[in-house]
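A.B. asks: The listed protein sequences correspond, in order, to chains A, B, C, D, E, F, G and H.
The first sequence begins at 38 in my numbering and counts up one residue at a time.
The second sequence begins at 38 in my numbering and counts up one residue at a time.
The third sequence begins at 38 in my numbering and counts up one residue at a time.
The fourth sequence begins at 38 in my numbering and counts up one residue at a time.
The fifth sequence begins at 38 in my numbering and counts up one residue at a time.
The sixth sequence begins at 38 in my numbering and counts up one residue at a time.
The seventh sequence begins at 38 in my numbering and counts up one residue at a time.
The eighth sequence begins at 38 in my numbering and counts up one residue at a time.
Honestly, I wouldn't trust all of these hints.
Beta-carbon label-pair distances, calculated as ranges [what the hints assert, rightly or not]:
#1 D:185 with A:175: 24 to 30 Å
#2 A:140 with D:244: 46 to 52 Å
#3 A:225 with C:89: 54 to 60 Å
#4 E:62 with A:126: 37 to 43 Å
#5 F:221 with H:122: 50 to 56 Å
Here are the simulated BS3-like pairs of lysine-lysine, each with C-alpha atoms no more than 30 Å apart in a straight line [said to hold, decoys possible]:
#6 E:271 with E:180
#7 H:60 with G:270
#8 G:123 with E:176
#9 C:123 with G:123
#10 A:278 with A:197
#11 E:60 with F:123
These aren't lab readings, by the way, just hints derived from the structure by calculation.
We put the CB at the ideal spot given by N, CA and C, even for glycine.
Protein chains: 8
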Amino acid sequence: MNKKPVIGISMSMLSDTNGVFAKYPRAYVNDDYIRSVNENGGIALTLPICEDEENLEYYTDIIDGLILSGGHDINPHLYSEEIHPKTGDIFPRRDTFDMVLLKKMLEKNKPVFGICRGFQLINVAFGGSLVQDLDELGKNHIKHWQDQDCAMPVHKINFKGENFFTELYGKETFTNSWHHQVLKDVAEGFEVCGRTSDGVIEAIEDKKRNIIAVQWHPEMMSINDKDAQNLFKKFIQNINKGV
Amino acid sequence: MNKKPVIGISMSMLSDTNGVFAKYPRAYVNDDYIRSVNENGGIALTLPICEDEENLEYYTDIIDGLILSGGHDINPHLYSEEIHPKTGDIFPRRDTFDMVLLKKMLEKNKPVFGICRGFQLINVAFGGSLVQDLDELGKNHIKHWQDQDCAMPVHKINFKGENFFTELYGKETFTNSWHHQVLKDVAEGFEVCGRTSDGVIEAIEDKKRNIIAVQWHPEMMSINDKDAQNLFKKFIQNINKGV
Amino acid sequence: MNKKPVIGISMSMLSDTNGVFAKYPRAYVNDDYIRSVNENGGIALTLPICEDEENLEYYTDIIDGLILSGGHDINPHLYSEEIHPKTGDIFPRRDTFDMVLLKKMLEKNKPVFGICRGFQLINVAFGGSLVQDLDELGKNHIKHWQDQDCAMPVHKINFKGENFFTELYGKETFTNSWHHQVLKDVAEGFEVCGRTSDGVIEAIEDKKRNIIAVQWHPEMMSINDKDAQNLFKKFIQNINKGV
Amino acid sequence: MNKKPVIGISMSMLSDTNGVFAKYPRAYVNDDYIRSVNENGGIALTLPICEDEENLEYYTDIIDGLILSGGHDINPHLYSEEIHPKTGDIFPRRDTFDMVLLKKMLEKNKPVFGICRGFQLINVAFGGSLVQDLDELGKNHIKHWQDQDCAMPVHKINFKGENFFTELYGKETFTNSWHHQVLKDVAEGFEVCGRTSDGVIEAIEDKKRNIIAVQWHPEMMSINDKDAQNLFKKFIQNINKGV
Amino acid sequence: MNKKPVIGISMSMLSDTNGVFAKYPRAYVNDDYIRSVNENGGIALTLPICEDEENLEYYTDIIDGLILSGGHDINPHLYSEEIHPKTGDIFPRRDTFDMVLLKKMLEKNKPVFGICRGFQLINVAFGGSLVQDLDELGKNHIKHWQDQDCAMPVHKINFKGENFFTELYGKETFTNSWHHQVLKDVAEGFEVCGRTSDGVIEAIEDKKRNIIAVQWHPEMMSINDKDAQNLFKKFIQNINKGV
Amino acid sequence: MNKKPVIGISMSMLSDTNGVFAKYPRAYVNDDYIRSVNENGGIALTLPICEDEENLEYYTDIIDGLILSGGHDINPHLYSEEIHPKTGDIFPRRDTFDMVLLKKMLEKNKPVFGICRGFQLINVAFGGSLVQDLDELGKNHIKHWQDQDCAMPVHKINFKGENFFTELYGKETFTNSWHHQVLKDVAEGFEVCGRTSDGVIEAIEDKKRNIIAVQWHPEMMSINDKDAQNLFKKFIQNINKGV
Amino acid sequence: MNKKPVIGISMSMLSDTNGVFAKYPRAYVNDDYIRSVNENGGIALTLPICEDEENLEYYTDIIDGLILSGGHDINPHLYSEEIHPKTGDIFPRRDTFDMVLLKKMLEKNKPVFGICRGFQLINVAFGGSLVQDLDELGKNHIKHWQDQDCAMPVHKINFKGENFFTELYGKETFTNSWHHQVLKDVAEGFEVCGRTSDGVIEAIEDKKRNIIAVQWHPEMMSINDKDAQNLFKKFIQNINKGV
Amino acid sequence: MNKKPVIGISMSMLSDTNGVFAKYPRAYVNDDYIRSVNENGGIALTLPICEDEENLEYYTDIIDGLILSGGHDINPHLYSEEIHPKTGDIFPRRDTFDMVLLKKMLEKNKPVFGICRGFQLINVAFGGSLVQDLDELGKNHIKHWQDQDCAMPVHKINFKGENFFTELYGKETFTNSWHHQVLKDVAEGFEVCGRTSDGVIEAIEDKKRNIIAVQWHPEMMSINDKDAQNLFKKFIQNINKGV
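Throw the hints in and build the complete structure from the sequences for me.
C.D. replies: What follows is the structure, encoded as structure tokens:
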């Protein structure tokens, strides 16, 4: 096969906060996801939230790999917790959409790459859980919501083991950070590949299920960061190689 | 073929106006387009702006019909005018993307449905021109920017001739209105099918090229308006019938 | 009969413009209407917009008089015009509600008092029409949108004839002013009782139909203005007297 | 009796926060209360805040049941506490109005349904007290101010005993949550029917006094939630049945 | 007499536009008036708006001279015109206060100095009139609302005749400009002393009544402008000299 | 003497927070102070901040009593503390002005009435100190910043002893509350007359120095509260009586 | 000489519009000027506004060329006009600073490059004049204030003659547009080199005085536009060549 | 040498937070730095951030002394810490620029004066570290972010030892305060010269390296504060004296 792999990107919704179109739903995904796929060997295809079985089957048929994108907090009911006061906006319809896509990709033996919310959703989908807010861990942690220049690396990730990430990065890389929730119980079958210095889990892999996932936002960094570009390249090349 | 037709929807970009993500590009299209396709017989597939020939070829291969969505003003240079002070934001990259999609659909003999900006772009693509702002026509016109409740019908469209619209609606329908530019010279090959009482062109068809287009926003009305729903149904059913 | 007359007041809707309750509908009417009725001899009963025939019948059964309150522009389609660019927000559901109330009151021979929008709606309901924006009359008019201190009188009304208003005020009163549309064709059966110096119609009466209506906002002025208080007193006393 | 029961809904006040009408009082109640009554078997009648004995007598004469609606915090002086720094806006005039309505309904043997503030007011009116802010209970509670999509269920209520709620729901229902104060001492005569998992009291009943009350907002959920619709249906049907 | 003259300064009112103190009245006058008096030979005494005859008598007894300060537009009814749509906020209570002060100063043979609104009020008080907005004179005028750096001179005033201003300035001075209304008919007894190049009247004097008045804001300029300082000095010295 | 006493009111400064006049100083005092004096037997005279010895001497010569008004926090250096992070805006120039006025009134044997900041300034002027923020006392206090309807009483003051306040109120009154700092060490010579239930000092008197002072804002309440009106009446009548 | 030429860039001032630093002056120049010089062969040196003769002499001694940057409108008094109502903010101190720099460069025989305001200032400095607002020329002009994406070309410039611009561009280039004033009378000695299609002068040169100037903003375009980069390159290379 | 010393001032960047120029980089430095140099014996030269070795060499060649100005937090990675959640915006490009300037000045034996961020950067550059937020030291500290009137002194600095500061000030001076980070480990070779009463280090000197630095903002105070003026004077005079 000589065409580029088609990479589906799960979409979200946003709305204006005021004016005549306040609350009017707009299907969207940050353009960086699309750019990151198109510049690193794939064809980006954005997948809008829907419930039609025929659509969902069709979407997962035509794509060769799936990126689960960032955004809303996962509904804590999905990991058997009540909603903590610091949990932000949830979006149950999106949770379901993402989980159905994930399940169908697994059934069809196609690889999945989770980013931020995608990373958290994958963990929850397979039985893991989340810390609903970093402050629940006490105050001795580093800054995980950088709140400036989204492409700027602000912390180091330390990798270990033999996995997708140590193959790619060796022992470390520097990344951005934009999250307030973190992994608590890691879902069965997943290897913890990377952590920040304060112990936050930042990268996991499940080789059998053909899933990788990261807590940071490589799609924001790929504009000028080789390490971030290589993450997309390797994910896409593995598809071509039939990995 | 018994699967539902796949309808590509051209996407746009938006950005936050302030905060840390001000100007950060987000690929989007109003969810109403997706809903209108999914609820009326099609499978919606959103197509993000890109320039890669392989992507563009792929997108137009997998879709059975194309909706060119609303939004930015067309760059007046495309109809050989300088930019008028009242022309709003233009987006040359999007103009090119939409025109390439349109050209490829034509080559592949697949139908196209233009909405608002899509309606204007089709006219310009085939040699027509636009009035850059309604006020250039003098002050004796009705309200074409309703600025409230996007689904509310605010004016009547009068149809004539034998075409897609008179087949569907007979002599008239009531629609919403959200535009400040209007068609001036109509591109060769297109039939003017509908106008408002102040003479503004609201619906055109080119049967040979398999294109219909409307100035209003049926996707906003289809939430509760039969006439708007039927417009999508007929466009999609025609694909199934091989029209 | 020794109980106070019950005066129904037609309600409107408003919404927050931003935040989590943006667009959330709240049934409301300015408290000044309620205060003006309660302080001048009546029992105020606020009537929320609805379509149920049983509700509408019930509402008009229990009230002795009706005040049609101020607010939205009337849908110009109701007087056979297209919407002018300067017409503001319209609210067709409210137009219908108000007209049904008006019709039922007429059938039940009970008096009606229109204020601002209510004044305009009454004129349209019986076949009259409106100027969609004062500027359509040219620029030689006085200020009709005072935009400060809602209770402050800003212009004089000159009355003539023998009617409710000349009985009450003689030749003149001073009033506030908060409108951008004015009466054009006066509905059959109505007497023009008062005008401002620039000719704008400010007060009408139809003795047979038992209707009075004013363009200004006496309910805002009644907080400290005798003339405004007396307008409510006289309307309510007439009910007691069986006028 | 074959007409629908008339359900009074206690109103509140709101104001613009800026502009020429800042602080101008508008009598209002969320339209969802009206819709919930009208769609589930009743005739909604909105009752504006007032002090006139004749009005209050009249209002409670014409209605068959009363809904005490949500909104302001109760003045803590009413349960013999000073105002805590986290107590929000209070509205003593409204407290009095609601309490008089409640008392008159009790005297006239007509049923009352309290929602959120209404739930809290009923408890206080009969001698109960409130926790002035959830944080006073420590930090181990779930999210009770959901701050997004007002109709979305965010927590479970567990019911027990034999009462209105277990008849209706059996052991549980899922509800929204919009409050920062909770019941402390429950007023004599009331049965605690439902609680959330963190022990917050969410539903009470006093069969003798013919009162039910809930901490959540069923009127916001009834747009698309059967359980919420049934709550209104059962309250209204009981009136018809003379319960 | 060896004490400094006491100069009364008429005060105005302002309010917050939002927040909990929106519309809360605050008595104020720009500190520049006070500074200009105190730095140029006088003792500033600010006079709050009131209606008590005893207060008004007392205020005009203790002061040796009066400055009528800038601000609101004069109520056009005071010069027998209806309110023009471009007239800004009026403040009838302040108009009355200023006029009573002016009348009492005249009776007590004490000098008055009008600034901007004070200049316009003096003209109206003695029978003159105003152009309600500069645009009523057509578009061929210079900028009279400078809208930046309030102390910056933006136009020249040309003086002529033998009066307070030619004594002080000779033929010209350069001043700031902050007004949208201008003198139309000049009140009897006043000499037009200065104009801008587009003919707008900027300075008047009535020697018999002991009144000077200017359209510009010397109190804003006196922070660093000799000409503006001298205007206050001369007004105050004349009092000492018994002029 | 049969004229009303003249009551000086110390002024403050405020500024716009944006626009062309941002930071432009405006001398002001809330009109409620003026109204409270004028309606309760005095002639209000507002005293603008200045440093000229002649002005200060003049001001304290012509007034019969002084009200030190509310506003800025006192510079903690005046009671030998460094500035705490929760201390708000300070205004050293105003501190000096107020203290000079206070000192001159004392020398001239004229009575002084301190309100809120005035209450705190008096305590500091005579050697007392302040708690820089209520939170420094721990969290067990009631709400002292009511943040709604400035005239609404929100807590009780308990009085004891034989002093101005027990003469006026007996054992208690209900007041509003708008402060975040409270008295710590009370200056020598002052009697603590009233406290709230959480022990905050709310009223002091020094009979020898002829000073009373309160922590609340009676001038805001006097619009409709007898107790507040009587506070001004008694202060002013005492002057007439030569108390 | 083998070091890069040093290019002085005249600075401006800006301020925050609100907050504690509102109006606080910050010396600034858009970084694009600096980047455009540094990337195209020069060393950028920013010159802050000042009046010291020694500074000004020093600045013009150490630089090899000067760029007069964009920003404020020129004070119309400099070309003997009064200020038109549509003239925006002026900054006389900056006018003087720029003119002194210009004069000293001329005396020292060093080249000057004017951009936008710099272009207008040069024209005025040598006796030319400006149209104070484009609308004064009637409405038949194209859009000269693009108000989106500052680097996007929006109109064509047509060049003629033999000069710096025709050497560089031949007959045309496409540029951005960000101005509301235009050249009226061209100063003696300057050749008009380029115009837009509506006749607006966009480029001038005076070979003897060694000055070029353009109405558009090449420094904004040089981020990705060859033509804009070449404009800086040629200006800087000419210095090296001793042109 | 009889010319004034040339003092380089390191620049920063700022951007609009919304509108069409949101995020557009503007090179800037507060004008107070420039004014403080120009008024106290130097010639101010502003140095824009760049990376070109030739520029950096040139800048440090032409200046006689360097002021490292205030602003962004230092990247904690430079003192081997991860970023604390309360660290504000960092600007790595600026850190590098400032450090290169500092290093080159040292090599060229020219004096450096660090202010606020400059003070912190110097400490870090030579091996010291910072407390990332004052709150990390507990709550017992005074106000170090004054947040009003930037020139107002708010705390005392106590000096000791024999150094630049005790020579200038003796034992103390009063300064403003605008920082949230403070020195932790002081870099080798630096003497701690001054502290506030809560122990925060406010002034350091390294005589060998010819560096002084202060935590406060003397450039803001120099507008009217002798002590602040003298700090600049002494720094500049020392250059003339060859200190």
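A.B. asks: So, for every hint listed, does it hold in this structure?
C.D. replies: Structure-based check of each hint:
1. Separation of residue 185 of chain D from residue 175 of chain A is about 27 Å and conforms to the stated range, judged on CB atoms against 24 to 30 Å.
2. The supplied range of 46 to 52 Å is met by residue 140 of chain A and residue 244 of chain D, whose beta-carbon atoms lie about 49 Å from each other.
3. Between residue 225 of chain A and residue 89 of chain C the CB atoms are about 56 Å apart, so this pair conforms to the stated range of 54 to 60 Å.
4. Taking 37 to 43 Å as the suggested C-beta distance range, the pair residue 62 of chain E and residue 126 of chain A conforms, at roughly 41 Å.
5. Between residue 221 of chain F and residue 122 of chain H the C-beta distance comes to about 34 Å, which lies outside the given range of 50 to 56 Å.
6. Distance restraint check for residue 271 of chain E and residue 180 of chain E: the Cα-Cα separation of roughly 28 Å lies within the 30 Å cut-off, and the hinted pair is therefore satisfied.
7. Among the hinted pairs, residue 60 of chain H with residue 270 of chain G is consistent with the structure: their alpha-carbon atoms are about 26 Å apart, no more than 30 Å.
8. Taking the CA atoms of residue 123 of chain G and residue 176 of chain E, the gap is about 11 Å. The hint holds against a cut of 30 Å.
9. Proximity of residue 123 of chain C to residue 123 of chain G is assessed by CA-CA distance (about 26 Å); at most 30 Å being required, the pair is judged to hold.
10. About 24 Å separates the Cα atoms of residue 278 of chain A and residue 197 of chain A, which keeps this hinted pair within 30 Å; it holds.
11. With a C-alpha separation of about 28 Å, the suggested pair residue 60 of chain E and residue 123 of chain F falls inside the 30 Å cut-off, and the hint holds.
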